[in-house]
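Participant: Sequence:
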Amino acid sequence: MGTKNRLCGWLATLLISVASLALAHDPGLSTAAVKIFPDYMEAQATFARADIEALVALDVNHDGKVSVQEWQQAWPILEPLLRETLIVRGNNDPTGMTEIGFQLDENDNFHVGGVLRAKGAKLTVESSLIKRLPRGHRQFISVLNNQGTPLAEALLSAEHDTLDVNTDAADEARPSEPGTTFGGFFFMGVEHILTGYDHLIFLFGLLIAISQFRATLWVITCFTLAHSVTLALAAFDVVRIPEHIVEPLIAATIIYVGVENLLRLDNATGRWRLALIFGLVHGLGFATDLKEKVAGMNGEKIIIPLLSFNLGVELGQIAVAALILPVIWWLRTEPALLRRVVPTCSAVVVLAGAWWLVERTLME
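All letters in the sequence shown, in the order written, are residues 1 to 364 by our numbering.
Simulated from the structure, these hints should not be mistaken for laboratory data. Yeah, the Cβ is synthetic: ideal placement off N, Cα and C, and Gly gets one too. Among the hints, a few may not be true.
To be verified - Straight-line alpha carbon distances no greater than 30 angstroms define the calculated BS3-like cross-link-like pairs of lysine-lysine that follow: (1) 65 with 122; (2) 122 with 35; (3) 131 with 119; (4) 65 with 301; (5) 35 with 131; (6) 65 with 119.
As the list claims (entries may be wrong) - Simulated restraints, written as ranges between beta carbons of each label pair: (7) 115 with 147: 14 to 22 angstroms; (8) 57 with 319: 49 to 57 angstroms; (9) 322 with 164: 40 to 48 angstroms; (10) 343 with 238: 37 to 45 angstroms; (11) 358 with 60: 37 to 45 angstroms; (12) 288 with 37: 30 to 38 angstroms.
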């Protein structure tokens, strides 16, 4: 029994350590906007001061402030970087930002602005600076016409750092984009859970060791409540943990559940606690797709997408549970078969979690 407790304790310590690492290494989120005028474009971008100081030393004397002299010392390195903040391509060669201005506000946000010049009915805007920022950094970019009407929006990353814009649509009303209505977010939630095999394997690992209907219902309820909380917190940007930390953490929760099944066999009680605690982690995973769609939204605008997406996740989850629970309960009526099936399935759960953990850490 002591060995079992030590193993479970080791796994729990691993989860806590990874979570602590996540909180300590936030890759950040920046914003950018490009406004198109007949002969030029105005560009603005906002970064956290820490993002810029990771590239250029500003506060050389470490007094918490950036003096005029320090700005002057940093400028020869800072200026070429700022020119790469945004690059635009049209009929002419790629051009960076010119007429650059910048400021650091009282909240330590670094604002940079400038002018872009390109011609063509179709433009490509590239966030070049994002490649130099910490891994996992995202940038929400909007391209608008001179009336302020959005023409294109995207959440960019180092892997996907360009946005194509059709300037012929500058004077046209932009139709609703697919997937941005109540129904669109609902079906996105359904798709996310049905194709989220890691979430389904985790839930399967929890349920296969439960024999009572009431306990099953309580586990599903706790999992739903937990991931709904972190999904909402992430959507409103209250909690910000990078995807490359969340995804391995989800894999670790799967391993933990499978190992506990193997150690405790038919005595796997208190599963609702695991559903509640680990459900918080899975909610952050659910938020990944949603945040890309609601990037740039704030306040009440996020509520409807959040509710409809979460509803889709829950109904998809219920549909899957309705398929697998009768099989699990039937196994409970066949003790001889159950003794072989539960350990075998639990071992598969452990292997699946281990594969995802390796894939999401060592094989990226």
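Participant: Are there hints from earlier that the structure breaks, and if so, what are their numbers?
Facilitator: 1, 4 and 6
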